[in-house]
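2 protein chains.
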Amino acid sequence: MNTKGRLYGIGVGPGDPELLTLKALRLLRAAPVVAYQSATDRESIARGIVAQYLTGEQIEVLFHLPRALEPEKAKSIYDKEVEPIAAHLAAGRDVVVLCEGDPFFYGSFMYLFTRLCDEYQIEVVPGVSSLMACPVALGVPFTYYNDILTVLPAPLPAEELTTQLLMTDAAAIMKLGRHFTKVRDILHKLGLASRARYIERATMTQQRIIPLDEVDPAQVPYFAMIVIPTKNRL
Amino acid sequence: MNTKGRLYGIGVGPGDPELLTLKALRLLRAAPVVAYQSATDRESIARGIVAQYLTGEQIEVLFHLPRALEPEKAKSIYDKEVEPIAAHLAAGRDVVVLCEGDPFFYGSFMYLFTRLCDEYQIEVVPGVSSLMACPVALGVPFTYYNDILTVLPAPLPAEELTTQLLMTDAAAIMKLGRHFTKVRDILHKLGLASRARYIERATMTQQRIIPLDEVDPAQVPYFAMIVIPTKNRL
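Heads up: the protein sequence lines correspond to chains U and G, in order. Numbering follows UniProt numbering, in which position 137 of the first sequence is assigned residue number 137; successive positions increment by one, without gaps. Numbering follows UniProt numbering, in which position 55 of the second sequence is assigned residue number 55; successive positions increment by one, without gaps.
Same shape as in the complex, but just chain U (with noise of 0.2 Å):
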């Protein structure tokens, strides 16, 4: 009889290999199949992260995704993509599926988890996020007490970013990229920008901090963020 596969997503981290849990690793480890997001044209974040976890003895899958794709889009890509996974695990195959940060906060894996987990038995490892990694790689506590605290991707309209950043105490801005200038410029109208920290590849080797107004806005990567964190004294 043959018994289905287990699909695990599982968070990786932000970047440095050492945060990843204890138990991503042993699920990692244990797994036949390792899965995980390529952009065409560029190596796998996530692959690298884990590369010297791997056994050397594992089937990688690759699902081709352009980052920050529309919702529409990808979900007609991912019907598509989630075929060869779905092989896997009918064919009573475990799989992994790497999650940059954590799978359930901005992460491509929910997708996946939503086109599979009526036929499959789905685990889901949290992961540390760069929600947490990039306040403490800048060095500045970020949220206390009573602090509300506002998570805002940068693409949004600059009306509904500063009518957000100025009902909050803390905020972090993610996804910079080419919408670096318009927050940037948000920022220095709402008096901000002094406590505004701008971080980006936290926790990787290429990891940068700039500050605030010598950030060349044409060089932005897409995993940038701006931290603003709370003006509380402790």
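Computed footprint of chain U on chain G, listed as stretches where at least three residues anywhere in the stretch have a Cβ under 8 Å from a Cβ of chain U:
hint : segment
1    : 7 to 18
2    : 97 to 104
3    : 149 to 156
Bear in mind the hints are in silico, worked out from the structure with no lab data behind them. Just so we're clear, the structure is a prediction, and the values are computed from it rather than from any experiment. By construction, the Cβ of each residue, glycine as well, lies at the ideal position given by its N, Cα and C atoms.
Start from chain U and add chain G according to the hints.
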């Protein structure tokens, strides 16, 4: 010549000992002194999470603090509680401070950090936060694409909670405890009750998931969270 010790603030994650990172485990095992917070009448949760990893030869330093302490009171207590830790550092001994979840995300470690960062070298290790662990334990994809996420401490006034919930795509309401009824009533008024999920002590052996309207308000612990996942469909 006496070299000062180094201070490490390590996130030990939400409760499951396997959700410690590899880095936190390495630093924990190497430290001659391990410090942690404990309410005066209870075992330390953070120490319980890592108990199996302690070497048995480490000096343990407790600092006593009531939970949900008001900032003004916390300041004077920390001025005093920091002393034994500073004494170990001054004597050249490294000290690891155990932090539930992540150190800079509503963590009491920040009080130690601000008091010791001028005089001692400090390294902080981000951890898996309950903000990630709760949606995963509930099995609900949390935020995706350009969702706005708002993190709200339950002690905030009802008007503030209401305003914030009306303006966001996804939310986490933390530190529920005796504020549960107020929050539940707001969620019903806003039509969010059917989307809201309640969880206590995520990833711990005592984890409980209860339908919102079956929760006994008298029994809600401090470490309970209501997760409102995005309504957007994947």
